[in-house]
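Listed here are the chains, written in short residue letters.
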Amino acid sequence: MSAQKSSSENRPIGSGKEDSKSEGADRIPHETKRGSLVVIGTGIRTVGQLTIEAIAWMEIADSLLYVVADPVAEAVIKHLNPTGADSLARYYEEGKLRIHTYNAMVEHILRCVRAGNKTVAAFYGHPGVFAYPSHESIRRAKSEGFPARMLPGISSEDCLFADLGVDPATWGCQSYEATDFLLSSSFIDPSSQLILWQVGLLAELTHKSQQFDTRAMPLLVQKLTQFYPLSHPVTLYQAAMLPGTDPLIVQIPLYSLAEFPITAGMTLYISPAWARVPDPAMLQLASLIMG
Amino acid sequence: MAELKDFLAELAINPKKLGEFIHDPEAAMTKAELSKEDKAALLNGFPSIIYARLAGVPTQQAFQITSSSPIGMQPNVTQIPPYYPIYIVLAPPSYMGQPPYMGPQAQQGPFPYLTPHFVWQPPPPYLTPHFVWQPPPPSGPQAGPPQAGGWR
Chain A
1 MSAQKSSSEN RPIGSGKEDS KSEGADRIPH ETKRGSLVVI GTGIRTVGQL TIEAIAWMEI
61 ADSLLYVVAD PVAEAVIKHL NPTGADSLAR YYEEGKLRIH TYNAMVEHIL RCVRAGNKTV
121 AAFYGHPGVF AYPSHESIRR AKSEGFPARM LPGISSEDCL FADLGVDPAT WGCQSYEATD
181 FLLSSSFIDP SSQLILWQVG LLAELTHKSQ QFDTRAMPLL VQKLTQFYPL SHPVTLYQAA
241 MLPGTDPLIV QIPLYSLAEF PITAGMTLYI SPAWARVPDP AMLQLASLIM G
Chain B
1 MAELKDFLAE LAINPKKLGE FIHDPEAAMT KAELSKEDKA ALLNGFPSII YARLAGVPTQ
61 QAFQITSSSP IGMQPNVTQI PPYYPIYIVL APPSYMGQPP YMGPQAQQGP FPYLTPHFVW
121 QPPPPYLTPH FVWQPPPPSG PQAGPPQAGG WR
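Each protein sequence line maps, in turn, to chains A and B.
The first sequence begins at 1 in our numbering and counts up one residue at a time.
The second sequence begins at 1 in our numbering and counts up one residue at a time.
Keep in mind that the hints were calculated from the coordinates and are not lab data.
Among the hints, erroneous ones may be present.
Unchecked claim - Under the rule of at most 20 Å between Cα atoms (straight-line distance), these lysine to any residue pairs were calculated in the SDA-like manner:
#1 K17(B) to D6(B)
#2 K39(B) to D246(A)
#3 K16(B) to T51(A)
#4 K142(A) to E107(A)
#5 K17(B) to P168(A)
#6 K39(B) to P243(A)
#7 K96(A) to P82(B)
All of these numbers come straight from a predicted model, not from anything done at the bench.
Whole structure, please, built from the sequences with the hints as guidance.
See the structure below:
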């Protein structure tokens, strides 16, 4: 642990000692020690989904940079590392292209690593699932010769499988970012499960602090009707983020998707619409092998 | 008296206290000396009421309920924290031009000298497999391919 940082061990949360304001990369003295980067995830519901290893890394970090979506996660981070904790959420600005925000985050993380700090970057969920700054900062740190690695966390997809009671092994499971699915000519198999992520951010490349623009939703419905009947049930899902609360699970017919008030954190799950067709030739060949 | 945010943060890093909360939420909250307003917020199950309490919104305001929401009865507070997406589509869609050729090395992964992590093989007869493929039931999804021009 850094000599400039007091340990949080055995100190009750809320004792007031986590109020010291971090100044980010600017306060880091240039030393000869070698910087490093570990990227961790805080889970979707911080209470219960934070791993022991993630807690340990956050405690020993010189710089603990974070993007989290709830005040409890932020309180945990500030408690674990009062002097090193520094939110990257300040790079979000209303109407600003998100790619610019993400690049600024990556540059901030790299500044801390280059300054010789044991740098930990914490992102909500799994830090490698639908997360640009985490992968990019690791890639760049490695390319500059710094040790960098990622630890897994509990993602929204993990919560979805648990809450909806579906298994990706049953009929298979396809997973796309909603805008990517809409704009590309991807072929999907409607005899398999389909998950569309960030459906509340459809065709929206900027940041909105409250409600994102979902005017493109009719286009998504139009594309999905190439594969599914209009009456096919689709499920809007949002994992629970607080203890004692339930996940949001709303099933509606596909045709009403465009009218539904979809929020930014929602995911779209679509069950198979038609049965898988077996391949008789392969069945025969495989049965010969399997006896 | 403990603050709600500090109480929840403690649960996140202390498995013993989380266990006590899971076993008996009311007793755990009483032991932590949470206010009765925070206890009520945590027990009612509405995320927006809990967020409102976390943000210091007065109890009366936090518990105002409206039925105008299309997804049922919801608290009439707007204290849900802003959503911070951390992913964006980067590559232009493939219809802008030919998709780039990835080459055979793209399928090899970074460590072509390693053996694969997983090779399918029949389970030993004494083990019950966790998952067995089986054809979908007749009452399952509609059979047949999508019609030309899509479903209507």
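Each hint tested on the structure:
This hinted pair checks out: K17(B) and D6(B) have alpha carbons roughly 13 Å apart, not beyond 20 Å. Our distance criterion of 20 Å between C-alpha atoms is met by K39(B) and D246(A), whose separation comes to about 17 Å. Annotation: proposed proximity of K16(B) to T51(A) holds, straight-line Cα distance about 14 Å (limit 20 Å). Of the pairs offered as hints, the one joining K142(A) and E107(A) holds, with about 14 Å between alpha carbons and a cut-off of 20 Å not exceeded.
A distance of roughly 34 Å separates the Cα atoms of K17(B) and P168(A); the hinted pair therefore is violated under the 20 Å criterion. For the proposed pair K39(B) and P243(A), the alpha carbon gap of about 12 Å is at most 20 Å, so the pair holds. Distance check on the hinted pair: K96(A) and P82(B) sit about 15 Å apart at the alpha-carbon level, within 20 Å; holds.
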